[in-house]
Structures are given as C-alpha cells and as structure tokens.
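Number of protein chains: 2
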Amino acid sequence: MKAELITIGDEILIGQIIDTNSAWMAVELNQLGIGVAQITSVSDQPDHLIRALDEALQRADVLLLTGGLGPTRDDRTKKVLCEYFDSQLVLHEPTLEHINDLFFRKRGIPVNQLNRDQAMVPAICSVLMNLAGTAPGMWFEKEGKIIVSMPGVPFEMKYLMTNEVLPRLAKRSGRGKIFHKTVLTLGLSESYLAERLSDWEDQLPEHIHLAYLPDPGRIRLRFSAFGDDEQLLEEAVEAEIAKLHQFIPDSIYGYNHDTLAAVVARLLLKHKATLCTAESCTGGYIAHLLTSEPGSSAWYKGTVVAYSNEVKTNVLGLDPKIIAEHGAVSQQVVEQMAANVRTLLRCDYALATSGIAGPDGGTPEKPVGSVWIALATPEQTISKWFTFTNNRERNIIRSAQSALDMLRLVLLNTP
Amino acid sequence: MKAELITIGDEILIGQIIDTNSAWMAVELNQLGIGVAQITSVSDQPDHLIRALDEALQRADVLLLTGGLGPTRDDRTKKVLCEYFDSQLVLHEPTLEHINDLFFRKRGIPVNQLNRDQAMVPAICSVLMNLAGTAPGMWFEKEGKIIVSMPGVPFEMKYLMTNEVLPRLAKRSGRGKIFHKTVLTLGLSESYLAERLSDWEDQLPEHIHLAYLPDPGRIRLRFSAFGDDEQLLEEAVEAEIAKLHQFIPDSIYGYNHDTLAAVVARLLLKHKATLCTAESCTGGYIAHLLTSEPGSSAWYKGTVVAYSNEVKTNVLGLDPKIIAEHGAVSQQVVEQMAANVRTLLRCDYALATSGIAGPDGGTPEKPVGSVWIALATPEQTISKWFTFTNNRERNIIRSAQSALDMLRLVLLNTP
Chain A
1 MKAELITIGD EILIGQIIDT NSAWMAVELN QLGIGVAQIT SVSDQPDHLI
51 RALDEALQRA DVLLLTGGLG PTRDDRTKKV LCEYFDSQLV LHEPTLEHIN
101 DLFFRKRGIP VNQLNRDQAM VPAICSVLMN LAGTAPGMWF EKEGKIIVSM
151 PGVPFEMKYL MTNEVLPRLA KRSGRGKIFH KTVLTLGLSE SYLAERLSDW
201 EDQLPEHIHL AYLPDPGRIR LRFSAFGDDE QLLEEAVEAE IAKLHQFIPD
251 SIYGYNHDTL AAVVARLLLK HKATLCTAES CTGGYIAHLL TSEPGSSAWY
301 KGTVVAYSNE VKTNVLGLDP KIIAEHGAVS QQVVEQMAAN VRTLLRCDYA
351 LATSGIAGPD GGTPEKPVGS VWIALATPEQ TISKWFTFTN NRERNIIRSA
401 QSALDMLRLV LLNTP
Chain B
1 MKAELITIGD EILIGQIIDT NSAWMAVELN QLGIGVAQIT SVSDQPDHLI
51 RALDEALQRA DVLLLTGGLG PTRDDRTKKV LCEYFDSQLV LHEPTLEHIN
101 DLFFRKRGIP VNQLNRDQAM VPAICSVLMN LAGTAPGMWF EKEGKIIVSM
151 PGVPFEMKYL MTNEVLPRLA KRSGRGKIFH KTVLTLGLSE SYLAERLSDW
201 EDQLPEHIHL AYLPDPGRIR LRFSAFGDDE QLLEEAVEAE IAKLHQFIPD
251 SIYGYNHDTL AAVVARLLLK HKATLCTAES CTGGYIAHLL TSEPGSSAWY
301 KGTVVAYSNE VKTNVLGLDP KIIAEHGAVS QQVVEQMAAN VRTLLRCDYA
351 LATSGIAGPD GGTPEKPVGS VWIALATPEQ TISKWFTFTN NRERNIIRSA
401 QSALDMLRLV LLNTP
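Protein chains in written order, with this note's numbering: chain A, 1 to 415; chain B, 1 to 415.
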C-alpha cells in the first residue's frame, strides 16, 4: 500500500508556514508499513487541486489531504471534493450537534451560518468526527483507492489521524512492514565514510537500504529494512549495525533522535558526575546545548564565557604571563581554563574552548577556524587542536560538538 | 514567472526531516515577484524524479531542485539530470580545484575518487560554484524554461540561492520593480497587532501589500510595493513605516535581516559601552546570540552561567541568605546577579536572568515560564517579571529576547 500526502493552501507556497504535518504523517504511516511516495503542496485553486488528485491517484492507493476546510471563503477543499466525486452536500447531524455543543452550550457563542456550513458534507463520504475542532474529516473511496480530507491545523489533523484514519488504514494494509533505525556519527566526512564502508555496503542484504544524511560535522546513516516480520527486520538491522561499529567504533555517538548533549548527560548521570565549562570561541553555545536538555541542572553547574583576556585572568585566574607568551588561542591557555574552571565551579569534569571563530582574527600560524579544546578530569587535563572552516557559525557548532565528543569518549572509557 | 520547488530524497518522505528549505526558498522567490505554484517531495528513484520534472515543466517556468547531490550511491540527481538533458558528464576544473583546496590544502585530507566525482557535471549545464560545500549547483535551460539543481543541505542551498540563483532570476523576471522592507517587532501578539493596525492597514495604497510573519515572541511585518520606479516605491513604503512607528514606537527593534543582538551591538558601539551577562534559566543562550555576531569581542566581555546556587554564591558572590529567603527565581537574586557580574567582569552594562524554563520545577506561585530579568547600568539596576509558556525551548528564546530588548530600550533612551 502506497500513500501520497497533499497539503492545500497558500500559506505553505508563500513560505509563511513550514509544513510540519507531512513529516509527522509520514512517520506514522511508515510505522504501519505504508510508504509515502510523494508529498505535494498545492494552492487552493480548484483546478490545481483536481490535477494533483488525478496525478496522485495514478501512483498511490491512499491520498491524505490536509487543509482548506476552514469556514472562510478561501477554504474550498470540500466543494472541490464534492464535485470531484460527483456528489452533493448534505447535512451531517452529529457534526452540527457537536458544533452547537462546542460553541453555544460550552462557550455561549451563537452559531452562525458559516459554522453550520461546516456540518455539510458530500453525501458520498464517510464522516470522521473531529472532536478536536469544527471541520469534520471525510473518507472517500473510489475504484479501490482511498482519499481522506482533514483540517490542516496540526492539533486537529493529529486527532483525526490517531483516532480515525490510522486505525482504519492499519486494518486495510497488512501487506508488509518497514523497520527504520538511524546511526549518528560525528567527525567523519561523507566521502571518507563511503569509502571506508564500501565493501560492507556491498554485502548488505537486498532488503536493507542505507542512506547517508549529512549535517555540519555529522553524518547520519539511516537503515530501512523491508519485509513481513518486524522482529526479523529489527534483528537484521541490528546485526548490520554491530558490523558497522567495528569499522568506526569511536565515531558513533547515538541512534535515531539522540542529541550529543543527551548522550553526554546519560553518561554523566551514570557516573554520578558533574560538568562545567569555560568557553571562549564557543561563546556560551556549549552551555546552551547542555541547558537545552530538560533536567540539566542535575549534572551541569554552569559556564564562564571568557570573551576577553581580562575575564580569563580575573574570573578564571589565568596567569597573564602565559597568555602574553603563548596567546589566548594556545594549548597552555585552554588547559588552564579547563583546570581552573573545574576548581572554581567544583565539578568532576570541565571543558574549555579557545579559538578563532572568524571572520576576522586569523594569522598565518593560527588561521580562522583554529580551535584548542581541553578537558579536565579528576585525573588529568587533556587537549586537542582542530582546524575547521572559515565560517563563524559552523566553527562555533563544530567546536561545541568536538568538545562534547571529547568528553563522551573519555566517559565511555571510564570504568 | 512561476516557479516550482522539488525536493529529492527519502529523508522527507519518511518524515525524518522536516522540509524547511522550501519555506525559505518560497519567501525569497516571492520577494522577486516569482510565485511558487507547487512544492513536491519525491524519492531518489530516477523514474520518479523524471516524472516530477515532466509534470512540473508543464506548469512552471523555473524549477528549483534540492537534494540528491552528495558523493554517495543514494545520491542520483546529477546522473538523472544528465540523462534527462541527453548530456554527458565532464570535469569542471574550478570545482575540482575548490575541492582540492578545501580538503587537501586546508585540512590535509587526501582527495578520493568520490570527491573527484563531485567535480563532474553535465556538459550542458552552467556550473554554480558552491563555496559552502563540495557539490556544485547546476543551471540548465530547456525550451525557455530554467531548471536549477542544488544540494539539500540548508547552509549550502542558501549560499547558492543568495549568491547565484536569486540574482540571475531577478534579472530574468523583470516584470516591473518590487521593493520589499520588513519591520521587526517584539513582544506583541499577532491578533493584538492586527487589531491595533486595522485602520491604518485599510488606508494602505493599493500597490503596497502587507504580510504578517509570526515567530516565537516576534512578528515581522513585510511590506511589498509593486510598480515601475524603485525610488518611488521605497519612498511610499518608508512613509507607511513612519506612520507605523507612531502606533508601536517601542516594539520595532529593526528591519529586514537585523538580529536583536546586532541592534544591541550597534547601540553599545555607539555608546562605547561594554556588556556582560549572568545567566541562569537562559543557560548561555544570550551569550551565544551575542557571540554569534562577528566582532563581538569589541563590546562583549562574557557571561557567568550559574546553573547551581553554589555558582551563584561562589563565583557571582551572591548572599546565600537572600537565595534562601527569596528563592533563586526572585527579584532580589536576579538584581544581585546583574549588579555583581557587572562589577566582576568590569563592564558598563550587565544583564541577568533567573527563571523556570521547564518542563519541571514549577510551583503554584512560580509556574513554569516564570522569569525574572535584570539590567544593571552605570546608574541603577532595574528588573522585570515575565510569564512565558510551558515549553522549555520557547521559554529560553523568549527570555533571551526580552533581556536584550530591555537593554535596547535603555540604550535608545540614553543620551
């Protein structure tokens, strides 16, 4: 069973809203083993919608439409569908009853003609009661194909999908399952990874597909397995992931929707350890990533962002002679930053960064993108030199990732 | 001129990523007066892409394709386009040179065959140099229609759109002139604004359009004026913006792509003043916003993120009795944080935040979303209480915005 999603309305086409509905629907459909063949956003012009329906019905078994069901003039989906299925509008009493209840009885708002019109539906459809709003969902069938129309308001669409559409589709499909799992890697380039994994990729079973999804500093590897038995699919993917681990053991930091900060958080909690940071070039971005995790106050104590040498000496207690001798971007300075902030904020671990984020400030020996990162642990202080890009935003992101990853690897190898 | 957007790759169809590229591209194209007729997401199957191209070319003059240009096997866009245009792959020397430079000369990473393959392009296309990555953009023309292929990585797509695609399309469209200007407002709701501005909107000249673009905490008002004389269009828009200022004088913080941090930076530079911060609930996000501005070390000295009471007392020198008596989220604590960090980091101005970002930690008197913000100036320390949402991410963003806006208004009114 194959599905297509069609979103209706100008908001998406002029870029006023980002289509978040489709990704949510795609995930839900995939979990039923129904793949999404295409996602299409069209305007509310009747001829445009009709052409999109015609084209999609040639390709897919199920069309899920969202949008264009509001009470105002620019919402024309219901009228178009009524004509498309050669039907006429009839009153759906339970929906009118529900609208009366929602407006008049609960809120004392009089029900006007526009509200009452929402209870009119094409005679040919099955109505899906929308208890999350006023516009009913509509389920049409034509020559063995299913067309469902829902409101575009995410809350109402999700209500109808969860309570009405997905349960019906689950009964109808039952043709095969899909299992997805994504492996998250850090610090490797896409081309390096592709070369390193080439032989292993060649031996992947036919029913397991692999996709490379690159981000700044990060490559996600998505496995998709197709078959009948979800348990077997999961086992087959896990077996391949176990092989993958042998090629790039240190570079895999998590799975699916893990963030690096969440992975580090779990390791800190496991070790009952606390963390603080002293940031120069990352300017508080590491702190932001860590404190974006709910509950971070249990393991994160804070940061000192030392954007001037004065703060490095006055607050972090760095030796001004060391800064003068080696420069602010140096191994000596970054190691002192880590060690001192660890003592100052009384934590088990401390990360420090010092680098040249750009666009200015580079020199021939230390070009833009040069970054020193240090980690102070209860045993020692270690540090590493990186050279990233000439883009300020990316240098900040990559520096923060590399710092957190340095801590992740140390915690992983700590008994 | 009409455009369609086609995104290629399974990530969107399985709901793994939300398509944010299309909304960005639609906004940019609309600003050139090029409407988007349809947005289509297709898989990386060659026949699927070819059918989408055929269908879209019947409707639109410009097709913008993103995705499927990586160095790996699942990236097939280039090969499909080469066949579609009956061309063959040839080496593009400047791209190979750029890849060599990026990998080998700058980072010492050897260039492999997969990298070199990225420099191969269909002979028939014009290459758009991608200085933000390795996969070049490709510009095709066929029977008066334009087809452009770009990487799907948002950073690279935006680089190519801004530097190559949009300037070329602007020259081609030439339907008359358009002048755009966006007014950035903070702290007002869309419905309040729509009601407040209703009469003024009614008197807007026919050739000036107004769009409301809401963000968390922020509404952007975009003016688009259509006509023949750009100078006159600009004057007409500026005249309306002058009227707008009288309705919401304090809420307009900037124009077009201004960030609030950049606006604050300009004001600090004008006053030859320096800033530091002490952050609790914002967890370094204010520091991150400020240090994302190039050259911020000229006016920003740093932050102390005090995520534990211990850091508040040990580093910021807060009186433990005051914390015990009033709680960490209190006017007394946030004012002391601002005043003390100002002294500690020796700055002219200091901002401090303390609040309950959520999801946990709320109480009946101080529910999740409660935030105290203080500003210490050379003359005094002021503070303000806010209640935001129950969403952690939005609370952090809104708190940081509100803090920076507090400083902006004080600097604006400082002689």
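Hints in this document: simulated from the structure, not taken from any laboratory.
Among the hints, a few may not be true.
The list cannot tell twin chains apart, which means a pair is met if one copy fits it or any two copies do.
[To be verified] With a straight-line Cα cutoff of 30 Å, these simulated DSS-like cross-link-like pairs (lysine-lysine) come out:
(1) Lys272 <-> Lys321
(2) Lys2 <-> Lys79
(3) Lys243 <-> Lys142
(4) Lys270 <-> Lys2
(5) Lys158 <-> Lys366
(6) Lys106 <-> Lys243
(7) Lys270 <-> Lys181
(8) Lys321 <-> Lys177
(9) Lys321 <-> Lys142
(10) Lys272 <-> Lys79
(11) Lys366 <-> Lys106
(12) Lys158 <-> Lys145
(13) Lys181 <-> Lys79
(14) Lys2 <-> Lys366
(15) Lys145 <-> Lys272
(16) Lys177 <-> Lys384
(17) Lys177 <-> Lys272
(18) Lys270 <-> Lys171
(19) Lys384 <-> Lys142
(20) Lys142 <-> Lys272
(21) Lys384 <-> Lys145
(22) Lys272 <-> Lys158
(23) Lys243 <-> Lys158
Please read these numbers as outputs of a predicted model, since none were measured by experiment.
* Asked: With identical chains treated as interchangeable, where does the CA-CA distance between Lys384 and Lys145 reach 30 Å or less: within a copy, between copies, both, or neither?
  -> neither (57 Å within a copy, 51 Å between copies)
* Given a CA cutoff of 30 Å, do Lys270 and Lys171 count as a within-copy pair, a between-copy pair, both, or neither? -> neither (38 Å within a copy, 59 Å between copies)
* For Lys106 vs Lys243, is the C-alpha pair at or below 30 Å within one copy, between two copies, both, or neither? -> Neither: 52 Å inside a chain and 32 Å across chains, both beyond 30 Å.
* Under a CA distance limit of 30 Å, which applies to Lys2 and Lys79: within one copy, between copies, both, or neither? -> both (26 Å within a copy, 26 Å between copies)
* To do: Can you give me the call for Lys181 and Lys79, within, between, both or neither, at a CA distance of at most 30 Å?
  => Classified as between; 28 Å across copies, 40 Å inside a copy.
* Evaluate Lys272 and Lys321 at a C-alpha cut-off of 30 Å and name the case that applies: within, between, both or neither. => between (36 Å within a copy, 28 Å between copies)
* **Within, between, both or neither: Lys366, Lys106 at alpha-carbon 30 Å** => For Lys366 and Lys106, only the inter-copy Cα distance (12 Å) is at most 30 Å; the intra-copy one is 52 Å.
* To do: If the cutoff is 30 Å on CA atoms, where do Lys2 and Lys366 land: within, between, both or neither? Let me know, please.
  => neither (52 Å within a copy, 48 Å between copies)
* Asked: Which holds for Lys243 with Lys158 at a C-alpha limit of 30 Å: within a copy, between copies, both or neither?
  -> neither (34 Å within a copy, 37 Å between copies)
* To do: Measure nothing new, just compare the shortest in-copy and cross-copy C-alpha distances for Lys177 and Lys384 to 30 Å and report within, between, both or neither.
  => neither (45 Å within a copy, 53 Å between copies)
* Asked: How would you label the pair Lys272, Lys79 (within, between, both, or neither) given a Cα cut-off of 30 Å?
  -> The answer is neither: 56 Å in one copy and 52 Å across copies each exceed 30 Å.
* Within, between, both or neither: Lys145, Lys272 at alpha-carbon 30 Å -> Result: close neither inside a copy nor across copies, 53 Å intra and 62 Å inter.
Going through the hint list in order, the structure does not satisfy hints 3, 4, 6, 8, 9, 10, 14, 15, 16, 17, 18, 19, 20, 21, 22, 23.
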